[in-house]
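Chain order of the listed sequences is P and H.
Numbered according to this note's numbering, the first sequence terminates at residue 485, and the numbering increases by one at each position without gaps.
Numbered according to this note's numbering, the second sequence terminates at residue 677, and the numbering increases by one at each position without gaps.
Derived by calculation from the structure, the hints in this document are not laboratory data.
Among the clues, some could well be false.
Said to hold, decoys possible - No more than 16 Å apart at the CA atoms, straight line, and that leaves these computed lysine to aspartate or glutamate pairs for EDC-like: (1) H/K598 <-> H/E376; (2) P/K425 <-> H/D165; (3) P/K267 <-> H/E207; (4) P/K237 <-> P/E292; (5) H/K598 <-> P/E466; (6) P/K431 <-> H/E286; (7) P/K253 <-> H/E448; (8) P/K237 <-> P/D316; (9) H/K592 <-> H/E635; (10) P/K253 <-> H/E376; (11) P/K432 <-> H/D170; (12) H/K284 <-> H/D321; (13) P/K414 <-> P/E392; (14) P/K388 <-> P/E403; (15) H/K337 <-> H/D170; (16) P/K425 <-> H/D235; (17) P/K431 <-> P/D329; (18) P/K259 <-> P/D329; (19) P/K433 <-> P/E305; (20) P/K342 <-> P/D372; (21) P/K325 <-> P/E292; (22) P/K237 <-> P/D344; (23) P/K462 <-> P/E481; (24) H/K598 <-> P/D316; (25) P/K267 <-> P/E305; (26) P/K414 <-> P/E394; (27) H/K252 <-> H/E376.
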Amino acid sequence: MKIAVCVKRVPDSETRVKISPDGKSLDEAGVKFVLNPYDEFAVEEALRRKEKAGSGEVAVFCLGPAAAQETIRTALAMGADRGVLLQTDKIPADPYETAKLIAAALKPDTWDLILFGRMAIDDYNHQIGSLVAQLLDLPCVTAVSHLDIQGAKGVAEREIEGGIEVLEFPLPAVVTADKGLNEPRYPALKGIMAAKKKPLEIKPVQPAAGGMEIVALAPPAERKEGKIVGEGAAAVGELVRLLREEAKVL
Amino acid sequence: MANQKQGDGSREQFIPARYQPSLPLDKLIIQDGSEGAGDRMDLDVLIVGAGPAGLACAIALAQLANADGSELNIGVLEKAEALGEHSLSGAVVNPRALRELFPDLKDSDFPFRMPVSRETVYLLTKRGRLRLPTPPTMHNRGYYVASLCELVRWLGGKAEALGVNVFTGFPAAQLLVRDSAVVGVRTAPAGLDRDGNPTAGGAAPNDLVAKVTALAEGTRGLLAQTWCQWQRVPSDNPQIFALGVKELWETKQPLDRVIHTLGWPLPNDAFGGSFIYPLEPNLVALGLVVGLDYRDSTLDVHQLLQTLKRHPLLADLLAGGEMVEWGAKTIPEGGFFALPERRAGDGVVVLGDAAGFVDVPSLKGIHYAIQSGIYAARAIFQNLQTGASLAEYDRLVNASYVARDLYRTRNMRLGFRDGFYLGGLRAALMTLTGGRFPGGKYAMHADAEVARHVGAETASNGGVSKVDAVFKSGNATRDTIPSHLIARGDVPPEVARFYSHMCPAGVYEAGDGGGSLRINAPNCVDCKATDVLGPRWTPREGGSGPKYKRM
Ligand SMILES: Cc1cc2nc3c(=O)[nH]c(=O)nc-3n(C[C@H](O)[C@H](O)[C@H](O)COP(=O)(O)OP(=O)(O)OC[C@H]3O[C@@H](n4cnc5c(N)ncnc54)[C@H](O)[C@@H]3O)c2cc1C
Ligand code: SF4
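Throw the hints in and build the complete structure from the sequences for me.
What follows is the structure in structure tokens.
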């Protein structure tokens, strides 16, 4: 099976990010970057599909700055075979521009399966997978929590409100991974060593500005401070009063 | 046993060592080739711990190999998920050893934050402060304030650029041996369930085998302790430790100097003090360091730091500011007489804090750690080339300023054994006499052998709670991990309460009515205080524990 996985380098969710003085971007100083967690599910799924098929290739594509080589190496350490970095210092605000560049990079090859994470945890756009599918004229199944491949046919499960939806689709196809699709493997020492020697191709790209612009970033409103009403049974009366009169939840 | 009455019959006391399990040497030392490992990897040199000591050793070795045109396969194991995430220090850094490691670089090339231009030492009372003349051993002019996390990440980058393999997220858990030689380590498994059984997505331990293994695990190193006990390497005095609890603050008020304080809020029979270092004028590292031979079982270093912050000196500085990080770590404080008699053996060397290279009066270990790494690299390189003995490492250290500095202050910390005021007087005399007073050497007890009198429980005095503190350490260890702490099942209530105060991360809780000891193991930030005084610490799944950024 020949599988492409598209990944993004994102700030670690535990990082306390700061907004740059320009008010439109993140201050990257001191921020730790990781492989987007949803993309980790995608990489893991690709590896399992290849292992199950007994042969094939898993190629990792990433659009990002030079430092994203490390992100690709993480996927190579997990077991992917080769990486391609579409190198640019500026990831476009318009997902369509990113999708066009990724689609163009994927196009020359034929893939049985193209995997993405459901979304990147930094911009929450949920768009790239679907856009690339459209640009390559492939079927697209998003937010997949279980995947089965039977010959040239895929069966996917999606968690929807109150239940599970089961879908069938023909390969090749684009699938975006949700949490629960699998449990990504721990990196192995041998894998980390091997990753250093795996091919990583760097292709500079110049994304167009596109039709969107980030005009402002703002931190979420600060949570109001909690209040300790008192301790033990004596405090219950006051608590009920406050819940009723101040919080108005009773 | 517990509840022993002292002479006057008025106080209850106990000796922590009575309740401390011993090191399980039979589990910590395994024969090479023992079953149970997944991958096996062969290296020329294996370094355990990516702190300043381990990384300096790796860099110096790679430099020697490059200069010689030979190829060395060097691997560094680090238990933190990423470089620097388990590194915590003050820190005012003496650049001496870094200059030796990078002769072509200038001080401005090092990842320092600010040069130390002014410094002040205060003796605090509850509301007052008395400015003391800075003792010569505490002079920091010409040194730099730095974050050890940042220094470690920078050193790691240098090492990788030289071809060193740095494996983060892989704790060494066992020594691999052949006869009396160390031949490598076995790493901790990952992905175990709460009962310690492997799970489908888990990873088996790995065996790393090398011609020489350098143990650079930092303070209270597990494998360094194991090797010393196994090979019966003695020291004149047992090693003793202090616990440092540290916070990083973004302040509204700028700070233009490094400050040390002594006195309040420490009780007179505890040894320690605080450090207040500006990384930037408005980014202040603030910590309290207390010797683990304190006498009152309810002494709580984290709580004392919270108390200290209410002193006008700090309250003014921190007003309107925000605590952005929190962490804790122990420091070996035994000095010269607690050094293992030798730090080199068959196939093994011990570096940095793991060996005890810390100068206590100046609270410095980073440059000694780096220097010991450089010396170890020279000895290892010779050993690989000519088969010369690794004892060369001991010779180099003993002939250097590392041993000289530690010898000069050899009795300084020991003099504080009897509490601050008496100890302070002695320290002053020792400084004046170049360490000669009082002559001879003080005998010390291991911290766990020092009797604790059962103090009265007092209500928490506010400040940052231990729960919030652990959150600010970045610790996100999964809560389904098996406990890595070896505790005895039969600890009496006063000892359980002692543990709950000792641990800065709130890992131990004494049950209501003082019954059983509850252990919230995932909260652990690997400070190692527990291993000194209470339940034993062992490595757990890689990447567990804190994620320090600028500590
Ligand atoms: C609160 C405090 C303040 C200090 N202030 C100063 C100061 O101002 N100036 C100064 O010079 N020194 C200071 N020190 C001392 C200094 O930080 C240490 O001496 C120095 O960090 C020692 O370096 P090291 O490389 O030996 O150990 P460490 O820096 O502790 O590094 C050891 C590394 O090994 C890793 N490790 C441990 N066990 C394992 C294992 N089994 N497997 C894999 N990895 C492992 C650890 O995670 C860690 O990354 C201070 C220390 C503390 C705690
Ligand atoms: S359990 Fe021990 S090592 Fe862990 S944080 Fe508490 S005292 Fe430190």
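Outcome of the hint check:
As the CA atoms of H/K598 and H/E376 are separated by approximately 14 Å, the hinted pair is consistent with the 16 Å bound. As the CA atoms of P/K425 and H/D165 are separated by approximately 7 Å, the hinted pair is consistent with the 16 Å bound. Of the pairs offered as hints, the one joining P/K267 and H/E207 holds, with about 11 Å between alpha carbons and a cut-off of 16 Å not exceeded. A distance of roughly 5 Å separates the Cα atoms of P/K237 and P/E292; the hinted pair therefore holds under the 16 Å criterion.
Pair hint H/K598 plus P/E466 does not hold up; C-alpha atoms about 26 Å apart against a cutoff of 16 Å. Under the criterion of a C-alpha separation no larger than 16 Å, the hint pairing P/K431 with H/E286 is consistent with the structure, at around 11 Å. With a C-alpha separation of about 14 Å, the suggested pair P/K253 and H/E448 falls inside the 16 Å cut-off, and the hint holds. Taking the CA atoms of P/K237 and P/D316, the gap is near 11 Å; set against the 16 Å cutoff, the hint holds.
Between H/K592 and H/E635, the direct Cα distance comes to roughly 12 Å. Compliance with the 16 Å bound is thereby established for this hinted pair. For the suggested pair P/K253 and H/E376, the alpha carbons sit about 13 Å apart, so the restraint of at most 16 Å is met. Restraint check for P/K432 and H/D170: not satisfied, since their Cα atoms lie roughly 19 Å apart, outside the 16 Å limit. Proposed proximity of H/K284 and H/D321 is contradicted: the alpha carbons are some 40 Å apart, above 16 Å.
This hinted pair checks out: P/K414 and P/E392 have alpha carbons roughly 12 Å apart, not beyond 16 Å. Distance check on the hinted pair: P/K388 and P/E403 sit about 7 Å apart at the alpha-carbon level, within 16 Å; holds. At most 16 Å may separate the alpha-carbon atoms for a hinted pair to count; H/K337 and H/D170 meet this at roughly 5 Å. Distance hint between P/K425 and H/D235 is unfulfilled; the C-alpha atoms sit about 34 Å from each other, more than 16 Å.
With a C-alpha separation of about 33 Å, the suggested pairing of P/K431 with P/D329 is violated against the 16 Å cut-off. A threshold of 16 Å between alpha carbons decides the hint, and for P/K259 with P/D329 the separation of about 14 Å falls inside it, so the pair holds. Our distance criterion of 16 Å between C-alpha atoms is met by P/K433 and P/E305, whose separation comes to about 13 Å. About 11 Å separates the Cα atoms of P/K342 and P/D372, which keeps this hinted pair within 16 Å; it holds.
Between P/K325 and P/E292 the CA atoms are separated by roughly 29 Å; this puts the pair beyond 16 Å, and the hint is violated. Restraint check for P/K237 and P/D344: the C-alpha separation of about 9 Å stays at or below 16 Å, so the hint holds. This hinted pair checks out: P/K462 and P/E481 have alpha carbons roughly 12 Å apart, not beyond 16 Å. In summary, the hint linking H/K598 to P/D316 is not supported, as the alpha carbons are separated by about 38 Å, beyond the 16 Å threshold.
A distance of roughly 12 Å separates the Cα atoms of P/K267 and P/E305; the hinted pair therefore holds under the 16 Å criterion. Of the supplied pair hints, the one linking P/K414 and P/E394 holds, its CA atoms being roughly 10 Å apart against a limit of 16 Å. Taking the CA atoms of H/K252 and H/E376, the gap is near 25 Å; set against the 16 Å cutoff, the hint is violated.
Checked against the numbered hints listed earlier, the structure breaks hints 5, 11, 12, 16, 17, 21, 24 and 27; every other hint is satisfied.
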